[in-house]
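2 protein chains.
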Amino acid sequence: MEKKFIADRFKAIQTSICVQIEKEDGQGVFQSDIWERSEGGGGDTKILTNGNVLEKAGVLFSEVFGPVSDKMKAAFDFNSGEFYATGVSIVMHPKNPFVPIIHMNIRYFEMGNSWWFGGGIDLTPIYIDEKEAQYFHQKLKEVCDKYDQQYYLRFKEWADNYFFLPHRNETRGIGGIFFDRLTTNNTGKTKEELFDFVISIGETFAPVYTQIMNTKKNVVYSDKNKEWQGIRRSRYVEFNLLYDKGTKFGLESDGRVESILMSMPPLAEWHYNYSPEKNSFEDNTLNLLIKNKAWI
Amino acid sequence: MEKKFIADRFKAIQTSICVQIEKEDGQGVFQSDIWERSEGGGGDTKILTNGNVLEKAGVLFSEVFGPVSDKMKAAFDFNSGEFYATGVSIVMHPKNPFVPIIHMNIRYFEMGNSWWFGGGIDLTPIYIDEKEAQYFHQKLKEVCDKYDQQYYLRFKEWADNYFFLPHRNETRGIGGIFFDRLTTNNTGKTKEELFDFVISIGETFAPVYTQIMNTKKNVVYSDKNKEWQGIRRSRYVEFNLLYDKGTKFGLESDGRVESILMSMPPLAEWHYNYSPEKNSFEDNTLNLLIKNKAWI
Chain A
1 MEKKFIADRF KAIQTSICVQ IEKEDGQGVF QSDIWERSEG GGGDTKILTN GNVLEKAGVL
61 FSEVFGPVSD KMKAAFDFNS GEFYATGVSI VMHPKNPFVP IIHMNIRYFE MGNSWWFGGG
121 IDLTPIYIDE KEAQYFHQKL KEVCDKYDQQ YYLRFKEWAD NYFFLPHRNE TRGIGGIFFD
181 RLTTNNTGKT KEELFDFVIS IGETFAPVYT QIMNTKKNVV YSDKNKEWQG IRRSRYVEFN
241 LLYDKGTKFG LESDGRVESI LMSMPPLAEW HYNYSPEKNS FEDNTLNLLI KNKAWI
Chain B
1 MEKKFIADRF KAIQTSICVQ IEKEDGQGVF QSDIWERSEG GGGDTKILTN GNVLEKAGVL
61 FSEVFGPVSD KMKAAFDFNS GEFYATGVSI VMHPKNPFVP IIHMNIRYFE MGNSWWFGGG
121 IDLTPIYIDE KEAQYFHQKL KEVCDKYDQQ YYLRFKEWAD NYFFLPHRNE TRGIGGIFFD
181 RLTTNNTGKT KEELFDFVIS IGETFAPVYT QIMNTKKNVV YSDKNKEWQG IRRSRYVEFN
241 LLYDKGTKFG LESDGRVESI LMSMPPLAEW HYNYSPEKNS FEDNTLNLLI KNKAWI
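Chains as they are written, first to last, in the numbering used here: chain A, 1 to 296; chain B, 1 to 296.
Worth flagging that the hints you see were computed from the coordinates, not collected in a lab.
There could be a bad hint or two in this list.
DSS-like mimics (lysine-lysine), calculated; alpha carbons at most 27 Å apart, straight line [said to hold, decoys possible]:
no., chain 1, residue 1, chain 2, residue 2
1, A, K226, B, K95
2, B, K248, A, K73
3, A, K245, B, K71
4, B, K224, A, K95
5, B, K139, B, K11
Stretch-level coverage of chain A by chain B, calculated; a stretch enters the list once three of its residues show a Cβ under 8 Å from a Cβ in chain B [to be verified]:
no., stretch
6, 44 to 57
7, 238 to 248
8, 267 to 276
Beta carbons are placed, not taken as given, at the ideal position from N, Cα and C, and that holds for glycine.
With the hints as extra help, turn the sequences into a complete structure.
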């Protein structure tokens with residue numbers, strides 16, 4: 001399987017997702033920024049702002065390649081030589097605090113003679129709704145089960161451990177699935193099978209998230225709900241700048257800064273020593289930001 | 001010189017700064033949070049919110065000690081054994097976009113038989129005012145010159161290099177002075193002389209910043225000015241979470257999270273691909289966020 005073929009399918013997924021999301025949003029339109037990377041490759045950053053449901057959303061395609069820099073070697077334990085990376089990355093920040101933030105990524109890497117796939121989807125509700133969490137995890141489990149009965153639990157645990165803020169001792173949200181460096185060696189699957197799995201993840205994103213948008217977009221909210229959204233968004237910022245490997249890889253590989261940091265929320269708030277009232281909805285959400293919770 | 005003596009003087013500087021800042025603010029009052037660190041030591045985090053001039057300001061004293069953890073070893077190239085650290089850290093976020101953000105830190109470290117001092121002050125205007133920048137640097141130069149004619153230029157260059165966002169290719173603000181690991185070996189000064197220098201830096205903070213607050217606090221501002229403040233504050237967040245060694249040390253040494261992250265602004269905005277109009281005040285500020293500018 002040629003890398004060109006993989007990149008083309010990823011690009012097609014980007015287009016398809018934008019169409020479906022625009023339709024559900026009902027107002028916002030994705031604007032395209034095509035960019036080039038001086039050391040090799042480039043991308044298409046599609047951003048929607050001030051939609052009806054989405055305040056700021058990015059659906060990015062990129063295909064970058066070139067020599068492995070010293071910074072990349074140090075940060076990622078990469079060998080020297082040439083690398084190739086293509087992927088689709090999504091972050092969506094809705095206006096309404098009852099619509100969760102979502103993130104999706106699918107990626108393919110080559111380094112010398114080796115290759116691997118990575119990716120995942122995870123959901124960050126401002127207010128955790130256990131029914132919604134169950135729906136979300138159920139949908140991810142259904143995709144995983146088509147490929148391997150062990151994938152869902154294995155990749156759900158990986159997401160719990162990855163989307164975690166040690167300094168807050170809390171997960172970023174209700175998790176989802178996360179996987180990295182999948183190869184034939186560590187999965188027993190062919191390259192074609194792994195590619196199909198990753199494509200299925202990409203195709204699952206829009207139907208699942210538009211369903212969630214549709215259910216929650218008209219829920220009435222207060223200033224207090226917006227404030228809590230601002231606080232939860234600041235935790236999103238902390239995760240992405242302190243721990244996210246994609247952000248780190250982007251910055252270390254001299255990627256396009258505005259594309260890498262499209263994941264930042266439009267607005268975030270830090271209140272000193274904020275602690276929600278006991279048994280409030282906010283407190284209930286905090287208490288559910290834990291690893292190893294079986295949502296289904 | 002005993003470490004207890006150093007810590008006591010640092011604590012006294014914290015108190016004195018809070019009194020002077022409260023007086024200039026005219027409304028806000030610092031609230032004290034005394035905390036303990038389970039592995040050894042603790043601190044006093046003083047926070048003022050919703051003042052007349054200051055939206056959120058922190059003046060922190062801490063004195064922490066204990067065994068060097070594996071995380072600290074890896075992150076700071078520290079030897080194993082016991083460490084001791086005491087310091088005062090300040091970040092102030094004013095409401096009015098014409099009053100600059102300020103940061104100050106003085107610190108003393110011991111590791112086994114070795115000791116060192118570090119510290120600095122730097123200013124982050126939302127709108128750079130060259131006269132104000134000149135005043136600020138002039139005051140820092142005056143303190144430095146009392147101790148060593150080479151300090152100002154040496155530590156100003158250090159600040160330019162330290163308070164820099166490589167991914168944006170811009171400095172955090174107009175800099176100031178920064179120094180770390182000052183010992184008798186690399187300065188030719190006695191411990192007492194270095195201590196006096198660091199104390200002078202601490203004592204310079206309040207008179208200089210209250211003067212700046214006083215000059216700018218009544219300047220009329222617009223929504224556009226507030227938006228630009230939100231954007232500049234997001235760059236402050238990026239610097240602190242991506243690059244600041246104090247933040248990193250705090251998190252890696254299992255420090256008190258709310259004290260470490262008091263530096264975060266109350267509100268920050270990320271606009272995708274924001275670029276100010278050519279020759280606007282915002283554009284002029286961006287063009288001055290460069291290293292090696294001689295402000296005086």
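Verification of the supplied hints:
1. A:K226 to B:K95: holds, 20 Å
2. B:K248 to A:K73: Holds. K248 (chain B) to K73 (chain A) sits at ~21 Å (cutoff 27 Å).
3. A:K245 to B:K71: At roughly 18 Å apart (the allowed maximum being 27 Å), K71 (chain B) and K245 (chain A) satisfy the hint.
4. B:K224 to A:K95: Holds, because 21 Å separates the two Cα atoms, which is no more than 27 Å.
5. B:K139 to B:K11: The hint holds at about 23 Å.
6. 44 to 57: holds (count 3)
7. 238 to 248: holds (count 3)
8. 267 to 276: Contact hint for the stretch 267 to 276 of chain A vs chain B: holds, 7 residues under 8 Å.
Taken one by one, the earlier hints all hold for this structure without exception.
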